[in-house]
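> Spelled out, the chains give:
Number of protein chains: 2
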Amino acid sequence: MVATPGGFLYEHLADELVHAIDRGSLRAGDRLPSVRRLAQERSVSVSTVLEAYLQLENAGLIEVRPKSGHFVRRRAAPAPASEPRVPRPVVKPSRVTVSDAYTRVLAAMRDPSLVPLGCATVDAAYLPIAQINRIITQVTREMVTVGARYEAAPGLLTLRRQIARRAVESGMTLAEDDLCTTIGATEGLSLALLAVARPGDVIAVESPAYFGVLQTIEGLNLRAIEIPANPRTGLDVSAFEETIRQQRVAAVVVTPTISNPLGAIMPDEERERLVRIAKRADIPIIEDDVYGELVFDGTRPRPLRAYDDEIVVHVSSVSKTLAPGYRVGWIAGGRWHDQIVRKKYSHSLACPALLGMAVAEFLASGGYDRHLRRLRGVLAGNVERYREGILEEFPDGTRVSSPRGGFVLWVELPPGGDALALHEAALRRGIVVAPGPLFSARQRFGNYIRISAGTPWDERIAASIRTLGRLAAKE
Amino acid sequence: MVATPGGFLYEHLADELVHAIDRGSLRAGDRLPSVRRLAQERSVSVSTVLEAYLQLENAGLIEVRPKSGHFVRRRAAPAPASEPRVPRPVVKPSRVTVSDAYTRVLAAMRDPSLVPLGCATVDAAYLPIAQINRIITQVTREMVTVGARYEAAPGLLTLRRQIARRAVESGMTLAEDDLCTTIGATEGLSLALLAVARPGDVIAVESPAYFGVLQTIEGLNLRAIEIPANPRTGLDVSAFEETIRQQRVAAVVVTPTISNPLGAIMPDEERERLVRIAKRADIPIIEDDVYGELVFDGTRPRPLRAYDDEIVVHVSSVSKTLAPGYRVGWIAGGRWHDQIVRKKYSHSLACPALLGMAVAEFLASGGYDRHLRRLRGVLAGNVERYREGILEEFPDGTRVSSPRGGFVLWVELPPGGDALALHEAALRRGIVVAPGPLFSARQRFGNYIRISAGTPWDERIAASIRTLGRLAAKE
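Those protein sequences? They're chains U and V, same order as listed. Our numbering numbers the first residue of the first sequence as 1 and each following residue consecutively. Our numbering numbers the first residue of the second sequence as 1001 and each following residue consecutively.
Because the hints were derived from the structure by calculation, they are not lab data. Virtual Cβ for every residue (Gly too), placed ideally from N, Cα, C. Be aware that one or more of the hints could be misleading.
Claimed, not checked - Ranges between beta-carbon positions, derived for each pair:
{"#": "1", "chain 1": "U", "residue 1": "R198", "chain 2": "V", "residue 2": "A1175", "range": "34 to 42 angstroms"}
{"#": "2", "chain 1": "V", "residue 1": "A1175", "chain 2": "U", "residue 2": "D111", "range": "55 to 63 angstroms"}
{"#": "3", "chain 1": "U", "residue 1": "P199", "chain 2": "V", "residue 2": "R1442", "range": "22 to 30 angstroms"}
{"#": "4", "chain 1": "U", "residue 1": "R198", "chain 2": "V", "residue 2": "Q1246", "range": "41 to 49 angstroms"}
{"#": "5", "chain 1": "U", "residue 1": "R245", "chain 2": "V", "residue 2": "A1175", "range": "51 to 59 angstroms"}
{"#": "6", "chain 1": "U", "residue 1": "G200", "chain 2": "V", "residue 2": "K1279", "range": "40 to 48 angstroms"}
{"#": "7", "chain 1": "U", "residue 1": "G171", "chain 2": "V", "residue 2": "R1442", "range": "42 to 50 angstroms"}
Unchecked claim - Which bits of chain V does chain U cover? Going by a derived footprint, with three or more residues having C-beta under 8 angstroms, they are:
{"#": "8", "stretch": "1325-1333"}
{"#": "9", "stretch": "1350-1361"}
Turn these sequences into a full structure, and let the hints steer you where they fit.
Below, the structure written as structure tokens:
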């Protein structure tokens, strides 16, 4: 019934190329990559690339020059050669809202022509996706009706069992019945906030905080209050204590192990103290643990959930370590477990069974820990290399975080540096960084940017860091 | 790296069997299906079944009797043979809340030992899942990094393009840029309500309404007002007009083509009138079109979105027609498109790229219309057969809807019939039906049940309908 095997893939590739031409990252006269090279780079067959090129040729966008290869055709009004074209007029920094920047950082995830220093994702080359895909093939062969299964909340039992098994190893007392599967950790955060807070409530967050958390708070008509966080030790527990003395706080969202963007790790005694204070005040803690497995030296601290299984709602996923695109996450809702399961029904009903099964099987296979050891080593190297690059290329007075895990760097520009302007200028050169104000509900951190070191260091990255440094000196 | 190929599958099967024993649908002394038969039924290999049986044997739950097969072992305190055991004390009808019934109907989706007359899903045998799975295998082979791709909102371009193409055929002027992909239609409904309404707002719904809509309204701290609906012509537009004259309504959620549970189709002139009235009052219409492709005679009416592309938010999925478990849905947000895309970020960020790609490829292949023609024919036959069965076996005075599409029947019990009691009694016999009060925010329809005809008619179904009829006569 599938008329054109692979038809979809060449169409997909053609789309990306059209997009690259549209936005000017491929310009008139530019030579396209050789068929063989692109096939290799994109892990598709040569015939898929040929089909895509043929489609673009038919559309008049590219031309073949004998013995030379494929070239982007000149158009009626050629763009100036010195600068990539942009589809829309350049927006002045002052007019850039944080939400615009947010949308762009996310859009960059889908645009392969941009240098991805803005998104906290790990390059596909570091992930065992091929193995998971083999399991997917195996599952679809063995269990042909898998696509018909609604794995309604709390979701796939075997996945919950594997997650519980690993959780116990990290010091939590979690059983499969304490868990509900989610569409990535994002849905987990959303469900947790829906369950513990009412519209208008105030949620305490780290400052700086992961921008997704701030967006979710805004999206659910909640309000955020920022608690200072230290680049080494994370959330300032004393400041939190002071805040809840002064005002009603419905919950606190915290990433105790490798916070984002700081890369901080809360010391054990601060964890214990935070849980004690929150428990006494009966304030739910929503713990985001997506980076928990990525502490470089492998010494995973005990999650907050290990200190209390009532008021700590634990949220995590495999998006930072296995397969971002498969959206496999989970939540241990503590006292709110039943409400969270109910919210999940109305939020999205069920998670795709097939992808959950594949991840469960991978976790069961024992290969995960081996993979994590390797990944941690690679990321530690990346973070060091990126860090050196930034310190070399950025203007004097630039400060860079020194995280003990994960793969993002928090960069403080010299006084007067304008992160939003830098973000815009970089984007015009095909480079995405995440500007500091994204990480604050009050748009603070105007002279900070977050740079992701999830992509292998190479000449393109080196050049991008140089460009960023040059731009930072100007802005 | 995968240590035990297929290991996951036998574990999964073993779980299901343990569950069946726990809840008493397999009782002490019962003979288990032969290895070959179960392998065939569940589309797994013989060795997978053998592994599962071995695991249960090791756990002391079943035993092998030479030349006879596998049997459930007697336990210390055997349950009475006449009735299946239930893990918890039986809840009296009066104590059953609608949310409990809702949870059970959903749980039944995951329990293969129950007769699935409660869930509006189509049996796997009717769906082209094998073909989609072949595409999945092909995509994972050709595009090995697919698992790493975040297809952040608005989601996969090629999928949106295929959906737009089909939409245009049904009379809507939709382009790929008008669409955002979602986790099934459930997430679409949730995003639509988040975008158009504020907490506390009143949402107009059909009465009876699909229970998922009511749960979502409750989950988002909104309120529902019920507008009467006719089993043939759907939403009473005059009643809607009267309602909005009397009070502020933030939106109306309606399923104009094959409503659920009624199976009604709104006539064209009523569609036009509803859109005109809503537009004049500036009230968004959220159109649930998941059954749109399942009108038996193939005459798909023009969706409401075809009448207006500003105030109509159109929500749909392939869950009723292709692969419920892959959670591929979409939303055309009209005037609220940008807000909906933003809400999607914080709701779940992205949909799994792989499953969207497979569905897009299937839609592009041209096989979908052929499949739909066959499916409509099969479901029309099912609905007729179930309807006859109900009219034969249920007590005199029972009334059954006569839908022109879809696969659910709305059954009115004779006066005094108690749907919640019937639901409970049926569940004790391993049969799930959806009780009427689920379909009303005010728990009306106390003497109605919804029966799904999505499973092939066979002896087990016939016996279940007989059992239901007998119970209905008693309750």
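> Of all the hints given earlier, name the ones this structure violates by number, lowest first.
Of the numbered hints, 2, 4 and 6 do not hold.
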